[in-house]
Amino acid sequence: MEIILYDEGTAQELDIEEIARYLAQKMGKVRVEVRGNPFAFNLSQDKVSDYARKIAGTKIQEVSQKILSGQEPLYGEIEYEKRRILGKTRSFGILYDGFHLLRIFCEIMSREESSLEFVHIFFTNRLFATWDDSNKRYHLRTSVYGIPSIISTTGLVEAPAKPREYYLLKQQYERLGKDLTELKDRFRESIIDYEDKRLTEVTKGYAMQAVFYSLTGAPFCEDKGCRLYNAHWQEELIFAQLWGEYEFCGRHTRILEGLRKK
Amino acid sequence: MKASIEEIAVKEDTTIKALMDELQLSSAPILLEVSGEIFYPDEIENRRLRRGDKVAVIPLIAGG
Numbered sequence: 001m002e003i004i005l006y007d008e009g010t011a012q013e014l015d016i017e018e019i020a021r022y023l024a025q026k027m028g029k030v031r032v033e034v035r036g037n038p039f040a041f042n043l044s045q046d047k048v049s050d051y052a053r054k055i056a057g058t059k060i061q062e063v064s065q066k067i068l069s070g071q072e073p074l075y076g077e078i079e080y081e082k083r084r085i086l087g088k089t090r091s092f093g094i095l096y097d098g099f100h101l102l103r104i105f106c107e108i109m110s111r112e113e114s115s116l117e118f119v120h121i122f123f124t125n126r127l128f129a130t131w132d133d134s135n136k137r138y139h140l141r142t143s144v145y146g147i148p149s150i151i152s153t154t155g156l157v158e159a160p161a162k163p164r165e166y167y168l169l170k171q172q173y174e175r176l177g178k179d180l181t182e183l184k185d186r187f188r189e190s191i192i193d194y195e196d197k198r199l200t201e202v203t204k205g206y207a208m209q210a211v212f213y214s215l216t217g218a219p220f221c222e223d224k225g226c227r228l229y230n231a232h233w234q235e236e237l238i239f240a241q242l243w244g245e246y247e248f249c250g251r252h253t254r255i256l257e258g259l260r261k262k
Numbered sequence: 001m002k003a004s005i006e007e008i009a010v011k012e013d014t015t016i017k018a019l020m021d022e023l024q025l026s027s028a029p030i031l032l033e034v035s036g037e038i039f040y041p042d043e044i045e046n047r048r049l050r051r052g053d054k055v056a057v058i059p060l061i062a063g064g
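Same order as they appear, the protein sequences are chains B and A.
Positions 1 to 262 (the working numbering) are the ones given, in order, by the first sequence.
Positions 1 to 64 (the working numbering) are the ones given, in order, by the second sequence.
Relax, there's no trap hidden among the hints.
Lysine-lysine pairs mimicking DSSO-like chemistry, simulated, CA-CA at most 27 Å apart:
#, chain 1, residue 1, chain 2, residue 2
1, B, Lys184, B, Lys204
2, A, Lys17, A, Lys2
3, B, Lys54, B, Lys88
4, B, Lys261, B, Lys204
5, B, Lys47, B, Lys59
6, A, Lys2, B, Lys261
7, B, Lys262, A, Lys2
8, B, Lys184, B, Lys162
9, A, Lys17, B, Lys54
10, B, Lys224, B, Lys184
11, A, Lys54, A, Lys17
12, B, Lys204, A, Lys2
13, A, Lys17, B, Lys66
14, A, Lys2, B, Lys29
15, B, Lys262, B, Lys26
16, A, Lys2, B, Lys224
17, A, Lys17, B, Lys136
18, A, Lys2, B, Lys26
19, B, Lys197, B, Lys184
20, B, Lys262, B, Lys204
21, B, Lys59, B, Lys162
22, B, Lys88, B, Lys47
23, B, Lys136, B, Lys54
Derived CB-CB ranges, DEER-like:
#, chain 1, residue 1, chain 2, residue 2, range
24, A, Lys2, B, Glu18, 25 to 33 Å
25, A, Glu6, B, Ser64, 29 to 37 Å
26, A, Ser4, B, Arg254, 16 to 24 Å
27, A, Gly52, B, Arg90, 47 to 55 Å
28, A, Ala28, B, Gln172, 40 to 48 Å
29, B, Glu257, A, Lys2, 17 to 25 Å
30, B, Ala40, A, Ser4, 30 to 38 Å
31, A, Lys2, B, Ser64, 32 to 40 Å
Derived from the structure by calculation, the hints contain no laboratory data.
These numbers were taken from a predicted model, which means no experiment stands behind them.
For every residue, glycine included, the Cβ atom is placed at its ideal position computed from N, Cα and C.
Chain B on its own, in the form it takes in the complex (with noise of 0.2 Å):
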């Protein structure tokens, strides 16, 4: 196995060489590599015009409205995906559709590692959704596991719900237009905000998932104290990744000692 780490638009807010060291250590003899901006790494100049048109393809305009694969987009749209592949912009306001998003970054990775042999993670700031049939309506996502996989900084943020109060006083805070960032501050412990400086210690155990779908096609974990918890609140992501009493499970553990030791 060797895990291969790329930045996809997260540079100030991450420190991916540190997530190396930690998965370095967490999985002994395993080749850690961090790659920086896929795009840059793997893709001619000529080919930006078409991996920015379809990413501004994955593009969802209503979250009740699932997107079709191969949907046109308008030319300011592709525009804007050219200026983000090249790093001349930021990720901001935009939802697509994480399994879409995927596999477009599935193309850019070469047909050699494409395998489970091979863990390629993504660091993004995009946010992404992926699609319920059961209730027809998008739902914000942490990550998405597949080759490769995908971690939102964004998404860390948005996608698991915050504490019930944080919503009411929400309410009251903009009928009284109040300055939300107090309110921020009220709940500075139990949610995680943009340019947080836990974020980076947090994405440490989603890489882990990742690193799991890999070796056992399951990514988390039914144990709320281990990194590899699916969280949907805001409070569990915190207490998985920061404040539990041990970082994984027993039988995370017994399985990450295991690799240790060959």
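Position chain A against the provided structure of chain B, taking the given hints into account.
Here is chain A on its own, set in the frame of chain B:
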């Protein structure tokens, strides 16, 4: 076999597309491993499979 990855032994000559239709996986978010290589089903939908061939179905999994 990995936890959520299902390996299918092909029972009779078919194609990837027909197999996906039969398994009702045509619109599912999955990858396929065929002969050690990974594909999206529609990339190789016309590929012929013979009885006894093995195809691993790898689900894409969303978190959060």
